[in-house]
Amino acid sequence: MSNDLVIKDLCANIGDNEILKGVNLTIRGGTIHAIMGPNGSGKSTLAHVIAGHPDYEVTAGEIWYGGQNILELEADERSKLGLFLAFQYPVAVPGVTVANFLRAAINAHRAEEGKDPKATAIPMAEFRKMLREGMKTLEMDEGFARRYLNEGFSGGEKKRLEILQMTMLKPGMVVMDETDSGLDIDALRIVAEGVNRLAGPELGALVITHYQRLLNYIKPNFVSVMMDGRIVRDGGPELALELEEKGYDWLREELAGAA
Amino acid sequence: MKQSITLKDLTADLIVEQAHAEQEPGWLAERRHEAWTFFAQSGPPEWRRTDLSGLAPDALTLSGSVGTELIWDASLADQGIVFKPLRQALNSHEELIKAHMDTAVAPLDHKFSALRAALWTDGVLLYVPKNVAVDTPIHVRYTLPADHHMIMPRTLVILEANASATVIEEFVSADRSEQALAAPVTELITGPNSTLRFISVQQWGDGVYHIGGQKAVLGNNASLEWTSLALGAKVQHIEAETTLKGNGSRVNWLGATFANGSQVLVTAPWLRHIGHNAESFMQFKTVVNDTAYSVFDGMIKIEHESTATSTRLEEHALHLKPGARNDSIPGLKIDTNSVLKGGHASTSGDVDDEQLFYMQTRGLSKNEARRMIVMGFFSPALDTIPVEALRHQLEAVIEAKI
Numbered sequence: 001m002s003n004d005l006v007i008k009d010l011c012a013n014i015g016d017n018e019i020l021k022g023v024n025l026t027i028r029g030g031t032i033h034a035i036m037g038p039n040g041s042g043k044s045t046l047a048h049v050i051a052g053h054p055d056y057e058v059t060a061g062e063i064w065y066g067g068q069n070i071l072e073l074e075a076d077e078r079s080k081l082g083l084f085l086a087f088q089y090p091v092a093v094p095g096v097t098v099a100n101f102l103r104a105a106i107n108a109h110r111a112e113e114g115k116d117p118k119a120t121a122i123p124m125a126e127f128r129k130m131l132r133e134g135m136k137t138l139e140m141d142e143g144f145a146r147r148y149l150n151e152g153f154s155g156g157e158k159k160r161l162e163i164l165q166m167t168m169l170k171p172g173m174v175v176m177d178e179t180d181s182g183l184d185i186d187a188l189r190i191v192a193e194g195v196n197r198l199a200g201p202e203l204g205a206l207v208i209t210h211y212q213r214l215l216n217y218i219k220p221n222f223v224s225v226m227m228d229g230r231i232v233r234d235g236g237p238e239l240a241l242e243l244e245e246k247g248y249d250w251l252r253e254e255l256a257g258a259a
Numbered sequence: 001m002k003q004s005i006t007l008k009d010l011t012a013d014l015i016v017e018q019a020h021a022e023q024e025p026g027w028l029a030e031r032r033h034e035a036w037t038f039f040a041q042s043g044p045p046e047w048r049r050t051d052l053s054g055l056a057p058d059a060l061t062l063s064g065s066v067g068t069e070l071i072w073d074a075s076l077a078d079q080g081i082v083f084k085p086l087r088q089a090l091n092s093h094e095e096l097i098k099a100h101m102d103t104a105v106a107p108l109d110h111k112f113s114a115l116r117a118a119l120w121t122d123g124v125l126l127y128v129p130k131n132v133a134v135d136t137p138i139h140v141r142y143t144l145p146a147d148h149h150m151i152m153p154r155t156l157v158i159l160e161a162n163a164s165a166t167v168i169e170e171f172v173s174a175d176r177s178e179q180a181l182a183a184p185v186t187e188l189i190t191g192p193n194s195t196l197r198f199i200s201v202q203q204w205g206d207g208v209y210h211i212g213g214q215k216a217v218l219g220n221n222a223s224l225e226w227t228s229l230a231l232g233a234k235v236q237h238i239e240a241e242t243t244l245k246g247n248g249s250r251v252n253w254l255g256a257t258f259a260n261g262s263q264v265l266v267t268a269p270w271l272r273h274i275g276h277n278a279e280s281f282m283q284f285k286t287v288v289n290d291t292a293y294s295v296f297d298g299m300i301k302i303e304h305e306s307t308a309t310s311t312r313l314e315e316h317a318l319h320l321k322p323g324a325r326n327d328s329i330p331g332l333k334i335d336t337n338s339v340l341k342g343g344h345a346s347t348s349g350d351v352d353d354e355q356l357f358y359m360q361t362r363g364l365s366k367n368e369a370r371r372m373i374v375m376g377f378f379s380p381a382l383d384t385i386p387v388e389a390l391r392h393q394l395e396a397v398i399e400a401k402i
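Top to bottom, those sequences are chains X and Y.
Take the first sequence: its letter number 175 is residue 175 in UniProt numbering, and every next letter is one higher.
Take the second sequence: its letter number 390 is residue 390 in UniProt numbering, and every next letter is one higher.
Be aware that one or more of the hints could be misleading.
Some, not all, of what chain Y presents toward chain X, calculated at C-beta under 8 Å [unchecked claim]:
1. Trp72
2. Asn260
3. Val351
4. Glu354
5. Gln355
6. Phe357
7. Tyr358
8. Gln360
9. Gly363
10. Leu364
11. Glu368
12. Arg370
13. Met372
14. Gly376
15. Ser379
16. Thr384
No wet-lab data here; the hints were simulated from the structure.
The beta-carbon is built from N, C-alpha and C at its ideal position, and this holds for glycine as well.
Start from the sequences and build out the full structure, keeping to the hints where you can.
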């Protein structure tokens, strides 16, 4: 199906280091799929390669989404296809307000080739209403929209803004890169509720996390484990609980034994 | 001056003769004579980073008083505010002008300062009396009428005690295919407890050489918010200073310079502390594109007589192309042991790749992301522009340069 995210034999380097060593993974549209794994296993690299970060060199494999292999597309073209990366470390852009940035992003999504951008732009009143409602559900202060993008934001504010952007851009597939890192329980609850409100047949999610904690709030349909640049085990929600209880070493040993 | 006279045909006698013909006061004719003599005897200034080799002023013609436009709510005159062309103001406010003109920017400093003092015709006087506060912006616009012309306008702003005003000084013209010269002088004299917001906008067309002197002198507890925008001209050389003469005076000075093509834009803004307990903050931002060159030659000078100074100077530069250059030369000269806080910082680099990627993942093209980053970089200065139409026009100029 075209709203599945299909990753085939993906290998990627940064500099001379091979990080992804043949990743095979399918995220079904409309499902939540968690990827867990120890630090350094390549989870964040996978997220960045899916989103199209220029520093990573893909040496083999394919990523299919929306009926095409997206590896040749720029990051903005992937976004317009419906992919969304929620960053582990959202980037500050001084002088650019949250409201102006969101409006520019929405208008970029609405733009159509050969049409005047003014004709496809979101009407101001509609944008304001959408922004106000989005901020309200995420328990964000109204003044937030006038602040500069991620500048001086707390960890919780940054992650809420990621979810706000996701809410307003309405992607078909989100990749959440350690969204739980740096969040206290309250912020985690707000962020998770934000994701759960969007979850449903229209949204697939790849949820990357180091800890089981996030999965108490965002319930995955599937769980896969990544180690040393590969997916080493697939399962259901019970796999996450097993990892929480026993850590990763038993799996490492089991795999070494099998090899 | 007569419109047809080129610089090479001018003499001291002609200048004095012309001043009399215009019925200028004797002291002014004397100042012009002295300045011209200084000009004629001086060699070219030794500005290492400002390339004036393409400037041939001898063939330039003086514009006469045709380049000054005053934009304001004339009913403000009812409150005693004077805003009129400087030459007209000589008839009504001669003593005021005589007492303040040339007190901030020294006329006999170098060849071009002398030229400005000798030949000025355009200009404006703004006088705000004691206890009068004006919110609506008062705007003077200088233009260059044609190729091969030169204009030497003078802005003289005098705020009395407890007065407040917002002033825009704008330099604008169409692109010039041949050279033209603008050599303006801006003097801002503020009295005790006065508040001045001053926005200076240099957006000449191509081909213009701009050699300007600007100085603000602050009274006791006076406050200045100064925004300096430099976007146009072929070559710009601006020497600017805020003298914190009064005790408890404050300045917040923001700059935005954008050089593209083969522009050379040099700015030398100084903060000079004389009074006690004065505070200054300067933040200049520079974007360079193509093969343009910009220079920030900023300086904090803390004089011997000052005490308890707080000051900070920052310059931040953004490079859009590898061939573009920016020299940042922040300096700090302290002649006293009594400084409360003092510091400077400068940063320089390309547009940040991680910012571009972040914005692209939201659907913005690389160009659109770059545009937003540059506009955001300049937003502290742009946000101070009180006239929306002017701000939008300047944003469009900046966008076209990215």
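Status of the hints after comparison with the structure:
1. Trp72: Violated - the Cβ of Y:Trp72 stays beyond 8 Å from chain X, reaching only about 31 Å at its closest.
2. Asn260: 19 Å, violated
3. Val351: Hint violated; Y:Val351 Cβ to chain X Cβ min 11 Å, cut 8 Å.
4. Glu354: 5 Å, holds
5. Gln355: Since the shortest Cβ distance to chain X is 5 Å, the answer is holds.
6. Phe357: This interface hint holds because 6 Å falls under the 8 Å limit.
7. Tyr358: 4 Å, holds
8. Gln360: 4 Å, holds
9. Gly363: At 4 Å from the nearest chain X Cβ, Y:Gly363 passes the 8 Å test, so the hint holds.
10. Leu364: 5 Å, holds
11. Glu368: Result: holds, 7 Å to nearest chain X Cβ.
12. Arg370: 11 Å, violated
13. Met372: Nearest chain X Cβ about 5 Å off; hint holds.
14. Gly376: 3 Å, holds
15. Ser379: Given a least distance of 4 Å, the restraint on Y:Ser379 holds.
16. Thr384: Violated, about 13 Å.
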